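Colleague: Same order as they appear, the protein sequences are chains A and B. For the first sequence, my numbering assigns the number 1 to the initial residue and increments by one for each residue that follows. For the second sequence, my numbering assigns the number 1 to the initial residue and increments by one for each residue that follows.
Treat each hint with caution, since some may be false.
With a cut-off of at most 35 Å between alpha-carbon atoms, the simulated DSBU-like pairs for lysine-lysine come out as follows [stated by the list, open to error]:
1. A:K30 / B:K108
2. A:K30 / B:K281
3. B:K298 / A:K30
4. B:K303 / A:K30
5. A:K30 / B:K342
6. A:K14 / B:K298
7. B:K342 / A:K23
8. B:K320 / A:K30
9. B:K153 / B:K104
10. A:K30 / B:K255
11. B:K344 / A:K30
12. B:K153 / A:K30
13. B:K363 / A:K30
14. A:K30 / B:K337
15. A:K30 / B:K229
16. B:K298 / A:K11
17. A:K23 / B:K161
Part of the chain B face toward chain A, derived, beta carbon under 10 Å [to be verified]:
18. C207
19. D212
20. Y215
21. D249
22. R251
23. P253
24. R273
25. G277
26. G278
27. M290
28. P299
29. I300
These aren't lab readings, by the way, just hints derived from the structure by calculation. This structure is a prediction, so every number in the text was calculated from the model and none was measured. Note that the Cβ used here is the ideal one computed from N, Cα and C, for glycine as well.
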Amino acid sequence: MQVETVNLTQKDRKAVLAQMIEKGGGNLTKCIQCGACASVCPVAITGLPLYCKRLFRFLQTGHLEEILDDASSWACVACNRCTEICPRGVDPFHVVFAFRRIQAQELAIPASATTSLMNFYTTGHAVYGDASELRQKVGLDPVPPSTLKYPEALKELQTLLDESPMAELGLF
Amino acid sequence: MVQVGTNPNIELLTYSEVEEVEGSIGNFKVKIRKKQTYIDWDKCTGCGACAEACPAKVPNEFNAGLDTRGAIYIQFPQAVPKKAVIDIEHCLNCAGRKIGTQPKISKKTGKPILAPCEKACPAGACDRSIAWDPEGELIEVEVGTIVVATGFKVMEKERFKEYAPDSPNVLTALQLERLISATGPTGGKLLRPSDGQKPKVISFISCVGSRDQRYHTYCSRVCCMYMIKEARLIKEKYPDIDIYMHFMDVRTPGKDFDEYYTYARELGINIVRGKVGGIEKLPGDRLRVMGYDNDLGKPIEVKADMVVLATAIELPEDAKQLAQKLSLPMDGSGFFKELHPKLKPVETPVEGIFLAGCCQGPKDIPDTVAQAKGAAAAAAVPLAQGKVVIEPTISEVNPEKCSGCGVCVPLCPYNAIKLEQYGDRPRAQIDMTQCKGCGVCAAACPSGAITLHGFTDAQIFAQIEALTKAA
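In isolation and in its complexed conformation, chain A is listed as follows (with noise of 0.2 Å):
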């Protein structure tokens, strides 16, 4: 195990807040390090190495670029048990969010997360995979009776998709 000393004056705190709270993660400066919310976060009890916690005070000392290829936050199953926990209001999750559109933005998205955004915007489900014989087997359509079956409404959800900011990520 490395350490090395940060050097906090030479951090720009300022702007990386002003990201945060630009990207609905304000509440940042609420969390004051209790480790609540680590304590229940399945990102942390599975040992991925930046959960809640730890992000936020990454964020809060102006760390921005080292911490922005970390997947960890993509981990984030948004149970919201962090929320339901945190004695400060912070509400966690949507600051781990913030997070993530901070990442989105910068193209730092895991392959697991861009496959499943392309998945979204061809089939209509995030997670896809072809159950077809299975379906048969158990007497039910080969197709499901959603977006796969439906053209026009895979059309609608494309549509909207075009219109939202994540076009601009020129994933699809």
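Using the hints provided, position chain B relative to the given structure of chain A.
Modeller: Same frame as chain A, now just chain B:
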């Protein structure tokens, strides 16, 4: 407390409640209801025989609900005065002995059939044939000054769903305090409630309901120290018990306090900085404490036999009712508000009423004693002097102009205005000692009969003129 009970200059009214307070400094009239005890206190010797005989089972408030008491009981062994009372709501009226009825006569023996409490009392203090008035007795005392010292309560564990409150092995710190007390439910033996076994691992959790936007934003101030005290008492008596203390921050300011904490570390008590996010119940009545270690930078887990929650200090509901009776304001945290946080810490906006102890804000015993002595001294000053100095900028009613409409009476935040007969009709009158010169009445008076001295229309116009005059 014993000294207070025996001091000839102090009249102690226990089991009593303030019903109404009227008047102002020097002349307060306080109506006090002495609740009905159903026991002749002149005869009761406090032997406790009745309490032992009573078959009723009521959660024992003094032991924080960890055991039961009878319907006839003495609140705790050191109670002053040490006298029994009947909790009539829970009384079973054994042998059909409702209060105020004559006993049935036994056909066999020809003697009256008495309730167990009556039979047990060797002093004849418990006589259920007497028609005691359930309303008790209403007395009125005249006092010059008042010191409010309601004390506090701690939050119940049921409010905290994330900490498995339904487990009997999750205790509040006050419950633990009773559990390790020689006069407590186990006679001082540390046994966990679910199975009466000695716990091997105990977790303490701080800031439960304190420093928390969902409950109270303030720090309850005493929890860090009493948790360390309880942990040390346990560790010194049973060094084999593993103790974990989960703190948000360790706050031990005060003389000798930090040394006390440091020694807890030396004793081998595990101090963990990081708040606990959840507790899960495990088989065998154990508990999984899901915490975080800020210094390790990792989530942690403790499998505990018992968990102690340091729940927040707050004021009981009836303290708020008392505040209304005294016209005292509360602050944003729900405590009685002092007149000035630095310069008038025991005074209140109502002249002649003072504060002491936790009713003004969470504090420990040394601070409470210091503040109580301050409040007692402050309350004695006007009594000794026999006069009070009042502010010159207060309001006054011109009775000739007053129509007696009464609009001002409910508006006054200090209860200073009353309608009193003047000439042919009642007209407003302002008590000079109670008025604080806020000016609400003067602004509201439709007849322009109230003047706020120092702020008359003429004076304000003159100020405007001076300010707007071309240089």
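Colleague: Any of the earlier hints contradicted here, and which numbers?
Modeller: Result: hints 1, 7, 9, 22, 23 break, sorted rising.
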